[in-house]
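> One letter stands for each residue in the lines below.
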Amino acid sequence: MAGDSAGLSMRQFKAILRKDIVMELRTKEMITSMGIYSLLTMVIYQVALSQSGTAFDPRNIAAGLLWLAFVFTSMLGLNRSLVHEKDQGCLEALLLSPVDRPVIFFAKATGNLVFLLIVQVLTIPVFAFLFLQQGSYAGEWWMIPLALLAGAVGIAGVGTLLATMSVNTKGKDFVLAVLFVPLMYPLLLAAVSATSAAILGGDGSVQQFWTGMSMMAAFDAIMLLASFALYEFIVGA
Amino acid sequence: MPPDHTLMAESATSDVAVEVRGLTRTFGVRKALNEVTFDLPYGAFLSIFGPNGAGKTTLVKVLTTLTAPSKGTARVSGYDVVADAVELRSQIGLISHNPLLYPDLSAEENLVFFADMYGVADAQSRVRELLAAVELDHRRLDLVRTFSRGMLQRLSIARALLHRPKVLFLDEPYSGLDPHAVDILDNLIAQIRSDHTFVMISHDLTKGLALCSHTLILARGKVVLSAPREEIDEAEFADVYRATVGMGVA
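Heads up: the sequence lines are chains A and B, in that order.
The first sequence lines up with residues 1 to 237 when you count with this note's numbering.
The second sequence lines up with residues 238 to 487 when you count with this note's numbering.
Don't take each hint at face value.
Heads up, incomplete: computed chain B residues facing chain A, CB under 8 angstroms, no partners named [as the list claims (entries may be wrong)]:
(1) LEU331
(2) ASP423
(3) ILE426
Label pairs and their in silico Cβ distance ranges [what the hints assert, rightly or not]:
(4) B/THR310 to A/ALA226: 27 to 33 angstroms
(5) A/ARG26 to B/PHE264: 45 to 51 angstroms
(6) B/ALA320 to A/LEU225: 54 to 60 angstroms
(7) A/LEU225 to B/VAL323: 17 to 23 angstroms
(8) B/TYR279 to A/THR27: 38 to 44 angstroms
(9) B/VAL419 to A/PHE233: 36 to 42 angstroms
(10) A/GLU140 to B/PHE264: 52 to 58 angstroms
(11) A/VAL22 to B/LYS308: 41 to 47 angstroms
(12) B/ASP423 to A/LEU149: 29 to 35 angstroms
(13) A/VAL22 to B/ALA320: 33 to 39 angstroms
(14) B/GLY413 to A/ALA6: 52 to 58 angstroms
If you want the ones that stay clear, here's a sample from chain A, every Cβ over 12 angstroms from chain B, calculated [what the hints assert, rightly or not]:
(15) GLY7
(16) PHE13
(17) PRO98
(18) LEU117
(19) ILE118
These aren't lab readings, by the way, just hints derived from the structure by calculation.
Ideal Cβ placement from N, Cα and C applies to all residues, glycine included.
Based on the sequences and whatever the hints tell you, model everything.
Written out as structure tokens, the structure is:
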């Protein structure tokens, strides 16, 4: 019976994830809006720093700019991932089915992670072109992708939980932002630290990178477990 | 006619599809449901009437596990709506005035998705069978957002029947349907009438009484009248309904 239950849960997980991806590929609502917003943010940063003079090295703040863009972009997209569930009562239909609520959470969070990673892949070349001149990236090539992945897992997990909480509220965008930024603060700090270490290099940068990665891994694990435990309560509230 | 729960209660045994005892649901200080009690045997068709805000939709939401009761108990198909919620969900289906379908998926994709959610064996053939039953097989690959209201409702019926539920909840299923769609829905209900227990919310007294075997009138969260259909005098029932609801017979 346990095997049957696990098999059904996996089938349900795949069904929700596949449905979200198919609908996104069809409508391109999330990826288009998040992608364009992220790219525009990069351009605005570049314009804002254009008069900073030659003495200022944009690499010193590049990691912070990158993660700011991803945080704002995430808030834009995460709400949309739940809003289409509300259309015509689809969330109700989902909740009527015999699915364990954490399965819904993990499927929605995985879908959001996929979309966020796509946006990151689109954004990084523009970021590198605008803020990292040739040869100015000091770290190993795999360091930034690893930091981006760890950060994206946390954003997708916490963001999915908070988007579910805020989707039934009147000012859902505002509610999501108010809850999201304070909760994401530790992750953001660790992500900026690890990404900065990768970009700037220098003495102790490898240790700084792994310290940031460890913090992000711990944040991801705690938040995913908390989301797993709380999702039944939140989705039923 | 006072509430008489014994009229419907054919003893709380295994032949009872829906068993409600002292069910109360509060939202803040407002009691949407107030000590609601009734039984419904398997194979029955219960029509629930009442004015807007009477608690009809809240009652269906509690019975379908979408809302937890504040007090009292309810069992559907033998499962407690709180303690056995996951098991109960595979025993029930809901047809609402909202289609509960994804507009950016095709008819077939919607049904396959919900078949996966319910763990339906041989999903593809079950989906084809139901699409044919609701006369939508020729539109199976079309996006649901292109469907008319009547087609949406037919597909919604197919979605609700996918997992062969024992108890079907209908929340104003005729709302907004054209006469042709009403005929199709009538025919579909007639086809599955003998195999299912129905709980329907309706504002249409004529339609509700024509379909039902049992009736219930709710007002301000309380049961005002409950009785089997054959024990109801239509004129008297309409008077009670009018007095309670404050509106004419639909």
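> Which numbered hints does this structure break?
Hints 2, 3, 5, 6, 12, 14, 15, 16, 17 not satisfied by this model.
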